[in-house]
Every structure is written in C-alpha cells, then in structure tokens.
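> Position chain B relative to chain A; hints supplied.
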Amino acid sequence: MRYDAIVVGAGHAGAEAALALARLGCETLLVTLDVKSVSHMACNPNIGGTGKGHLVREVDALGGQMGLNADASLLQIKMLNKNKGAAVQSLRGQTDKEVYHENMLATLRATPRLTLLEGECEDLVVREGAVKGAVVSGATYESEVVVLCTGVYLSARTITGEEIRDAGPYGFENSKNLSAALVAKGLPLRRFKTGTPARVYADSIDYSVMEREEGDYDIPCFSFLTEGKLLEQEPCYLTYTNAETHRIIRENIDRAPLYNGTIHGVGPRYCPSIEDKIMRFADKERHQIFIEPEVRGGELMYVQGMSSSMPKDVQERMYRSVKGLEKVRFARYAYAIEYDCIDPLALSPSLEVKAIRGLFSAGQFNGSSGYEEAAAQGLMAGVNAARYVRKLPPIVLRRDEAYIGVLIDDLVTKGTNEPYRMMTARAEYRLSLRQDNADARLTPLGREIGLVDDYRWEKYLARNGKKEAIRAALKRSVPLAEVRDLFESKGESASCGMTVEEMLKRASVTAADVLTFLPEELRDSDLVGEVAVEVKYGGYLGKEKRAAEDARKMEEKRLPADLDYAAMENLRIEARQKLAKVRPLTLGQASRISGVSPADVGVLITYLLKGNK
Amino acid sequence: MDTIAAISTPKGAGAIGIVRMSGEQALAIALRFFTSSRIGSAIDVEPNRLVLGTFSDGSIREKCMMAFFRAPKSYTGEDIVELQLHGGAYLAERVLETLLGAGAKLAAPGEFTRRAYLAGKLTLDEAEGVAAMINAESEAELREAYCLMSGRFDARIKGLTDTLVESLGVIEASLDYPEEMADEADDSIEKAKAVREEMAALLDSYKAGRLIKGGVTVAIVGKTNVGKSSLLNRLVGYSRAIVSDVHGTTRDVVGESILHKGVKINLQDTAGLRETGDAVESIGIERSLAAAKGADVVLYVVEAGSHPDETDLANIRAFSKRVLLVNNKTDVFGASAEGLNISAKTGEGVGVLLDEILRVTSVDARAAETLTEERHADCVRRALRHLDDALAAFGQANVECVALDLRESVRALAEIGGEGATERVVNDVFSRFCVGK
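If you read the sequences in order, they're chains A and B.
Here this note's numbering is used: the first residue of the first sequence is 7, the next is one more, and so on.
Here this note's numbering is used: the first residue of the second sequence is 566, the next is one more, and so on.
Be aware that a few hints might be false.
Unchecked claim - Below, computed lysine to aspartate or glutamate pairings styled on EDC-like, alpha-carbon distance capped at 16 Å:
#1 Lys910(B) - Asp810(B)
#2 Lys465(A) - Glu233(A)
#3 Lys549(A) - Asp954(B)
#4 Lys182(A) - Asp40(A)
#5 Lys886(B) - Glu921(B)
#6 Lys481(A) - Glu507(A)
#7 Lys90(A) - Glu744(B)
#8 Lys88(A) - Glu507(A)
#9 Lys182(A) - Asp129(A)
#10 Lys90(A) - Glu104(A)
#11 Lys559(A) - Glu575(A)
#12 Lys88(A) - Glu744(B)
#13 Lys910(B) - Glu868(B)
#14 Lys290(A) - Glu745(B)
#15 Lys551(A) - Asp567(B)
#16 Lys826(B) - Glu921(B)
#17 Lys290(A) - Glu749(B)
#18 Lys549(A) - Asp877(B)
#19 Lys788(B) - Asp877(B)
#20 Lys559(A) - Asp567(B)
#21 Lys587(A) - Asp349(A)
#22 Lys788(B) - Glu851(B)
#23 Lys333(A) - Asp212(A)
#24 Lys587(A) - Asp415(A)
Hints are computed from structural coordinates only; laboratory data are not their basis.
Just chain A, same shape as in the assembly (with noise of 0.2 Å):
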C-alpha cells in the first residue's frame, strides 16, 4: 500500500498537516487509535486566547481549518483585551466539543485523497536516512514523508491519586509502540507532563452564587469567510477558592502525586495544578474557578482552575469546599498526564526532524501545548510535507510575519523545557502582528501555496481593496466647523481643519466617529476599525517596522549546512556546543540561540567568510 504522506495522529496538529497534504495534491493516509478522538478536545473546551487568537486566525488566513471549524461549534464568544489596544486584542470562543470533532471528523471524510484509518502506528521505515514508510497495527504503509502529531498519546500514564493508568487522555488508548521505535531511530525524547481538571454536572452546581460571564456579541468570529456576528451565546460562570479549599491542600500535599514523587515529567508553568498555585503561591488568598460549558445546554461542565492530580476522594472535598460547587457530582475526575515528546531543538524551522529526511511532526509531539498551538504546526509541517513531495523548498515564517514564525522558530531555536504555549509577550513585533490583519499578512502566501481557493482568495481582496479604498478617503480634508463640532462633543478644542487621519490620531477620537466623513460605501465601521489602528499605533508601527528590517538581513544569510562549528575557535564553549546542535540555518537564527551572544555572530561572519574562500 503506497500513499505520499502518512500522518500519525488526528488530533489538531494531525487534522491540519492532513487536509493541507491532501489539499495540495497529495494521497494522504491519516492514522488514528481511535476514530472518536479525531480533533477531540481533551481539555478546555475553547478555542483561542490571548496570542491563541492570533494563530487561530493565521491558520485561517492560510487556508486551515480550524478557525472555521471553531465558529461552526461557537457556543460564547469574547474579545479578550477589549480595553487595550488593538494588538493584545484576542479572540476566544467556547465550543462546543461534540460539535467540534464531529464537524472535523465529517470536513476529514468528505476530503478528495484522505484516507481515516483506525489503528496504531508502531514504527517507521527508514532507509538511507530517509523516512520511507510506517507500520500501522502490523502492516507496512510506504510514503515518501511522515508526519508525527501523536500529541499526549506516546507511552502516556494518567494519575489520579495513587491510581496510575496506562492509558491517553479522557480513557482513550495510548500509544505504546512508537516511542521505543523512535528511540531506536535516535530521536531525543523526553517527558513533558500536563493535566486537566474534573467535569462536574451542570444540575448539580449553584450558579446564583456565581458571577455570570457573558460573551461579546458586536465582535467577528474566528474565520474570515465566516459572515455576521454570533447572537445565541451560552454564558460561563465565576467562583473562587476559598481558605478551606487551600487547607484541603496543604494537608492533602503528601498524597498530591507533584509533591511525593510519583510524577517526573515537566509540566507547564502557565497552566498550573491548584495544587501547585495552592503551595507556589501561598500567600495568595483565593483563585478564580470558571465554570464552563463542554457541549451546547448540555449536562457537563468544565472546572478551568482547578486542574488536579490528587486522589478522588481529596479532588472532592477540595471540589466542594468552593462556593456554588458544595453539592457537585463528578463526571470525570481530573488528572495529570504524562507522555514523551522530542526536544525541537532536533527539529528544523520546516518541522522536518533533521536527522531523517521527510519526517516531519507536529503539535505537542513537538513539546508545545495547546490546541491552536498544535493546528498552527500541523499546518507548516502538512504544507512542508507537500512541498518535500514535490520537491519544493520549504516555507519558513519570519518573526515579523506571524505568530506562527514565532512558535517554530522559538521551539526549533531555543528550544523549550516545559510544555510551551504561546504568548502575546514572545512576539517581538507585537503591534504588526494583530489579529485584524492575519490575511493581508498571509492570505496571499497562502494562494501562493495552494491552500486558498477561489472563494477565500476573492474574499480577501475585496476586504482589502475596501481597505485600501478607505486609508485613501483617510487623507480628506474635513472643515473647521465639522471637526470642531465632534472634538467639542468630547471636550476637546480644535483650531484648524484637518484630514480623518489627523483626527484619528486624537486619543479620543474613534473608527465610529469618523465613519460620517467618509464616502457612504466606505463607511465600514469594522473595516474603518482595522484601517484607525494603523493610524493610532503610528511611530510606533514605524520603530517596528525598522526593526523587523533589521533583522530581516541577518535571516537572509544562509549558514552552510556542514560548518563545523567545534573549530571555531574564537566562539565561546557555550556557543560552540549550542551552535553545532541547534545547527541555524541563516544567521538571524543563530544570533536567536541563546548562548550566542552579539560578538559570537560577529565572529562566525568572520569564519563565513574564511570559509567561504
């Protein structure tokens, strides 16, 4: 049985590589332990997040699947941020999860050359150092590339307690063959750890003692083919810890599996245990606990906050001791989870692992977390997977074009040590680099690829003609009297006439105001938003911008592939060894690296250039 790709796993990561092979032309095989945890949701149950937003919408403007697939099972939805600036806004929608894997599980079927096949991946054929082939449930599939997106399944263990199970997330079946023939194949692996809180029944929790959190009903969703605004909204609900709640804890802490040993993998910072928050932050009073619904005016409930892997009987007293929870009913008990993943330092900025060529992966595999996080990589490494096939040279995202540049460069170059997720902080050029413009950012590269068909690519130009129509209604001038009438409306004094944007550049000035001076076609009040952005950052977006063309010459010197680092004798130890393991493929990467400092680049140009005579 011959394919062009296999994918291993059909999580978040696994859907996007998939679609995008087959999209692209390639006979794709995608391979599941089990057909109900196709784009399964294993733990929140939404989509997006601050920096998470970003990349929903990047892989949307790219031409992936998960910003429609998210509006298509919206349950709430919020603009994070809304008080601040454009750039730290983010999308988050509650989904549906049902919903979710449902509509996945049907866009996956009716997809031309992709096949669904239920079973286990247990090896890889290698030849020549090059990927050829996997075994699936005991029989052999050829390729030309694979691609890992095994997610939290590799020789994972849930703990709950003292109770220690061989098994994935949510009771499905781990994976159990696979990591040992990595290892074999000399891949680095190692052992991250993450964990999920309890779901509880909705009829069994006290929401009047709660606070109610609505969503945002004037906002876009996820896509940008999805049309109007999201009007039937399901509302999620505050509560806190409480002293009794941390007492639970602390005298519970010898039979917490964090605390006594039993669990050795790393886990994220970002996303602690209440446990952890309990004993790292003792000196805070209470935590805040959301109550958040799974499915559609369903019967269960997620508890985000208070992630767990204590014992059953401790996970119900701490349960219970928090406001509105006293009387709640366990569906599922929470639990930490083990699994291997790859250290990326092995991997290059395609997501090929660089030891074995046409082996690509993906998504937690890759030591990240988060679904978004995962869809992103899926995406590069599915499109990167294509081009291997067609003998094209990979696609790199730069760190000033998206989000996703950021996360693959920042695993592949630094590496990470805990389950890493993304964050509006590690983008450099935050201000650039907004949700509202993901597809005058990637839309065309994405046509460029092959991902964006008629529709999307048509759509888009006509939202960005529209943009363009309305920064050049900007430059109008509008009389005294006019300007004078809405700058008095606010309190403020006008002196002379002035164009839009001038006026804009005013604090206090907004997109809605304005919308009376522009033509009537224009008078987009969205579109004028995005467009009064630009305007408001200003000299700010001009700093960015000299500072992303900076960098960008160091990214265009390419490093030979073979430079042999160990003989550079100028460079430092440290930056020897880092250097020679990260091997960077231009010097903007390598200047990346920590360990590498300002005088070590200085000096690889110097053995660049020696060399290169």
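Relative to the frame of chain A, chain B by itself:
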C-alpha cells in the same frame, strides 16, 4: 537600520584620529556639527572628497577634515561620513560622544564590515584580508565583554535589568492574562522610575569611569607668584617647572602626569593671571584660562592668609564646576579659614589635596561598578532613552506601546551581557504571578 558610529583608528595618541559613521542619518548628523565654507547644505556635499572645516558642538571646536561616501558606493553600501581629527584619544572620544548624543548608535564589534557583508558589498576576493581584520577586532571585543564584565559592574547592570524586567513583567502578565491579573497591583511605573534614576546616575559615573581610563586633568591656576609651579614640582616629585621670584616666570602651560591611589592625574601648571603689557605673557594667560576650561578640576591657588581675587574666581567658576581653593605657603603665613591649606615647600597638606581631587571627581580606582567602556555607556544611554520614551508614554499611549519602549530598554541593557530580553520577561511573569487559564 540605525546609523552607527565608531572610532576607526587605534586607541591612544596618534597623528590622526578618524571617527566613522554609516547609515541613512550619517550626513545629517555630521552636518549638525561640521561646518565649512564649501558646504551650505547637505546637497552641496560632494562625495569622495576631503573637505576642510570645523567640528563644533558648543564646547569643543576642532578644525578637521570630513569625507563623505554616498550609498551605495561606500564600504558598507550605506552613506558613510568620516571625520579626520587631530590625533589623541580624548578628542576622538569627545567627537564620538557628540555624534552618539545626536542619535547615532555605537557600532558593535565588526559592525561596519558586517553591514558591508549584509549589503553584499564584500566580495569573496576581498574576504581574506577583511576577515583577518574583523578577527582582531572581535577578539579584543570578546576580551572586553567577557573579562571586564565580571564583578560588581555586572551585578549593578543585572540589578537594573531585573527591576526593569519586573516592571515589564507586570505589564506583560496583564496583557497575556487579563482575567487573572485583574486584581493584581500594578507598580510598573514606580519600578521603572526608580530604574531611570539609577540609570542616570550610572551614566554620570561614566564620566568618572572615563577619568579612571584617561586620567583626571587638573589645572593649577592663580595669580603670579603664589607658588603654582612649586606645587607642580612638589606633586611630581622633581623640578619640572622653572621656579623664581620673578612675577610671570611661567609663560606656557606645563604638563606632567602622576599616579595617586591608582588614578592617573594629569597636572597642568599655567601662567599666573595678571594684567600685563607683555604680548607673550598675554598669550600664556589666555592659555591658562583655556587649560582651566578643559580641566576636570581647577586648583585656584592663593597665598595663605590672603583673599582670592573674586573676579578671577567668578570667571573660572563660570566654566568649571569643580574649583578647589588652595592656600599655599602655610609654612610662612599660617593656615586660612577657608579652602585647603598646603605648603608646596614642606609638602604639608599635599596628600589631602590629592585625595580631595579624587573626591570631587567621584573617582575611585577600586570601584568596579562605574562605567568605563564606551560600548557599555552606549548601551546604558540607549536604555535610558527608551526608558524615557516609555515613561513619557505611560498613561498616554496604549500599554502595549509602553511595553515596546520598555522592552527596547531591557534589550539595550541586555546587550551588555548578551542575554535575550523576551525569555527574561516570560520567566518573570511565571515566577511572580499565578496565571494560567
């Protein structure tokens, strides 16, 4: 790209000192200080020609040559301006400092060549020679970065960076974890302000740091026959200057350097101040005042028991912040109530005088946390500029804009040690706040 500047000739005294600038702003910055009868405005500047003119920034006036190479026909492929000055490390450093103050950025090790390389100006035919050159430069800089940086100076920079990172951490946490951070106190601005003050103080210490490297220049000034030359001779330990009872014996500035507590002190004996009809002596007196002007410390010497000439003193104080009143000849006239009492003849009080010179210039050779390197000073200067931008934007611009300037400030400081800014901030967020939804 930023416009960069550096001294291109070796450190120390030489016949010519060249300061080179490369980048879009090079010519504009140069023409703020360089004037020539041949140049009316930037468009008059002919490329590839040496032009004689004057470099003046209000405190120094230097007759020098300027050469301009227009992009892309230059070494780096960018606009390049070279200022050819009279030799001497101090002059070149002063000119460089002025250019950096006007917006140029100090070139990193090998940066001119790096730019040439990035611009594709450097062909491989030229590579070998150039490579050897960068090599030497980098090795020197490596030593500088990794040897000089150990010790207390490093700790002080780290302290500043840590506080700044904490300030940025609060902001970043509130941006990335808006829901969890809603009830956390925001002390970012107080922290940033505290860093600003300390950074400014550190930059001030650069002046002292430079004095450690280049020495403290001390001008001995006063009326004729008060014993200035005797004081010089006492300080240097031998008869360097001619001493006589004749008024106006010293006609020119006589210089000599000594070491005191590990610090170099450059002494300058000057012609006594008095009204005179003697043309040569008049020139000498003019030079005395010029020496006083250029000195870090001025010793105004009088005979013990007599009052200083208020007009002279006021003149000198007008251009020098550090004027010490020295009462000489205590062995004859006894001590005065005000000022430092010494006897050049017996040596009494001379040690105290030298200590006082170091005290008023804040120079302590043992202090490691002063800035001595121009590269470090440049980093701190840029960090301070970004921090000022951030402080000005607090409450005015969006908080993510404030964060951008703060981050640039952290980055500039981190350049001294070579540590990435983003990782530090992210680590700070997770170590101090309980976040994670």
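> The structure should be examined with respect to each hint, and the outcome stated for every one.
Hint check results:
1. Lys910(B) - Asp810(B): Given that 16 Å is the threshold and the Cα spacing comes to 14 Å, the pair holds.
2. Lys465(A) - Glu233(A): holds, 11 Å
3. Lys549(A) - Asp954(B): holds, 12 Å
4. Lys182(A) - Asp40(A): With a Cα-Cα distance of about 14 Å, the restraint between Lys182(A) and Asp40(A) holds, given a limit of 16 Å.
5. Lys886(B) - Glu921(B): holds, 14 Å
6. Lys481(A) - Glu507(A): holds, 6 Å
7. Lys90(A) - Glu744(B): Given pair Lys90(A), Glu744(B) holds - Cα atoms ~13 Å apart, limit 16 Å.
8. Lys88(A) - Glu507(A): violated, 22 Å
9. Lys182(A) - Asp129(A): holds, 11 Å
10. Lys90(A) - Glu104(A): Judged against 16 Å, a Cα distance of about 33 Å means the pair is violated.
11. Lys559(A) - Glu575(A): violated, 26 Å
12. Lys88(A) - Glu744(B): holds, 12 Å
13. Lys910(B) - Glu868(B): holds, 13 Å
14. Lys290(A) - Glu745(B): holds, 12 Å
15. Lys551(A) - Asp567(B): holds, 12 Å
16. Lys826(B) - Glu921(B): holds, 12 Å
17. Lys290(A) - Glu749(B): holds, 10 Å
18. Lys549(A) - Asp877(B): Not satisfied, since the Cα-Cα distance of roughly 51 Å exceeds 16 Å.
19. Lys788(B) - Asp877(B): The given pair, whose Cα atoms are some 9 Å apart, holds under the 16 Å limit.
20. Lys559(A) - Asp567(B): Holds. Lys559(A) to Asp567(B) sits at ~13 Å (cutoff 16 Å).
21. Lys587(A) - Asp349(A): Holds - the C-alpha atoms of Asp349(A) and Lys587(A) are around 11 Å apart, at most 16 Å.
22. Lys788(B) - Glu851(B): holds, 13 Å
23. Lys333(A) - Asp212(A): holds, 8 Å
24. Lys587(A) - Asp415(A): Satisfied, since the Cα-Cα distance of roughly 15 Å is no more than 16 Å.
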